[in-house]
Each structure stands twice: as C-alpha cells, then as structure tokens.
Amino acid sequence: MRRNSIKSCETRPNHPIAWGVYITDFVFWIGIGHAGTLISAVLYLVRAPFRNSIYRASEAMTVFAVMTAGLFPLIHLGRAWFAYWLLPYPNQRELWVNFKSPLLWDVFAISTYISVSMAFFILGLIPDLAAVRDESKGIKRLLYSIPALCFRGTNHQWLHYMRGYLLFAAIATPLVFSVHSIVSWDFAMSSLPGWHSTIFAPYFVAGAIFSG
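Those letters in the sequence shown? Residues 34 to 245, per the working numbering, in order.
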C-alpha cells in the first residue's frame with residue numbers, strides 16, 4: 034500500500050514523453066518571462082508609441098516569472114539544499130559540474146537572464162522613483178531617494194539614462210532568443226526517434242512570444 038502511494042505521487046521526470054511536471058512548468062514560466070522582455074525591449078527599439086502603457090507591467094512580469102521558473106530546477110534536483118553544487122567553484126570536496134548536462138545550462142541561462150532583466154527593470158524605474166521622491170516628505174522622501182540614485186532630470190542625466198536604457202534593451206533582445214534556445218535543448222538532448230530536435234530552438238522561441 035505504501036509503495037503504491039509513493040508511486041502515484043511521482044511526477045516521473047524521466048518519462049520519454051511527459052518529461053515530468055517540473056520541467057514543463059519551468060519552460061512555461063520562462064516563456065512568460067521572455068514575452069515580457071520582448072514586449073518592452075523590442076517595442077522600445079522600434080520606438081512604438083503604445084509601449085508606454087504596458088512596458089512597466091511587462092518588465093515586472095519578466096522578473097517575477099523568471100524567479101518562479103528558477104524554483105523548478107531546484108525542485109527537479111530532488112535535494113534543493115545542494116543546489117550550490119551546480120555552480121563551478123573550487124572546493125575541498127573535489128566536486129565539479131558536468132558541462133554536458135542541460136540542467137547546468139539552465140543555471141547559467143537563468144542567472145544571466147534574471148540579472149539583465151532586473152537591471153533593465155530597475156533602470157527603467159529610476160525616473161519614476163525620482164518623481165515619487167520629489168512629491169514625498171519625511172522618511173518616505175529618504176527611502177525613495179536611495180533607489181532614485183540622485184536623479185534630478187537634468188539634460189545630462191537624461192542623456193546617459195537613455196543611452197543606458199537603450200544598451201540594456203539591445204542586450205535583452207538577443208538574450209531572449211539565446212536563453213530560450215538553451216531551454217529547448219533540455220528536450221532536444223534526449224534520443225527519441227521522430228523528434229526533430231534541430232527545430233526545437235526556433236519552435237520554443239516562437240512559443241515564448243505567443244505565450245506572453
């Protein structure tokens with residue numbers, strides 16, 4: 034009885050078709066996060082006028098979706114408290130990561146993507162935080178002045194701000210294609226007859242755009 038109950042609770046991530054709940058949820062949330070970056074960064078690069086009403090929400094959606102997606106590889110490990118073993122660093126246990134593992138590729142992809150996405154999101158918030166700081170008083174003014182980074186709205190500051198924002202938008206756009214291509218290789222690395230793994234990367238990128 035106990036054996037059957039344990040068996041029924043398994044998600045069976047090694048199944049050749051389903052691939053388990055964790056890895057499919059991971060791909061879903063990464064797709065949502067990529068859609069947010071594409072909405073914000075690509076529309077900024079093409080100077081779309083309707084971007085102003087949705088870009089802040091899409092950038093926030095990217096950050097929180099990638100944070101949610103990062104939970105599933107940890108759960109997929111089985112022993113999440115050993116997640117730091119996935120990082121290549123010198124240690125006394127003489128452990129080293131397996132660079133042939135798609136799970137390790139996901140670690141580098143998510144780390145890079147969430148770093149750029151958070152920097153892109155926070156950079157876009159600076160003028161808004163400065164505006165809230167100027168309208169606040171007392172302790173609220175002090176709290177908002179820290180993330181506002183002394184932004185006063187001068188021509189010199191706006192010039193550097195727009196250059197930095199453009200740089201992050203230009204970096205985030207190709208990063209979307211590269212990260213989701215790496216995510217697709219989680220499935221493409223399996224040796225299954227009939228799976229045309231060479232088209233997985235463009236297929237997953239197109240799915241990420243539509244999922245958002």
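Keep in mind that the hints were calculated from the coordinates and are not lab data.
Be a bit skeptical, because a hint or two may be false.
Stated by the list, open to error - FRET-style restraints, in silico, Cβ to Cβ:
| hint | residue 1 | residue 2 | range |
| --- | --- | --- | --- |
| 1 | 82 | 107 | 38 to 44 Å |
| 2 | 148 | 224 | 53 to 59 Å |
| 3 | 134 | 101 | 21 to 27 Å |
| 4 | 175 | 101 | 31 to 37 Å |
| 5 | 236 | 167 | 44 to 50 Å |
| 6 | 230 | 82 | 39 to 45 Å |
Bear in mind the structure is a predicted one, so any value in this text is a computation, not a measurement.
Glycine included, each C-beta is placed from N, C-alpha and C at the ideal position.
Which of the numbered hints above does this structure break? When the structure is compared with the hints, only number 2 turns out to be violated.
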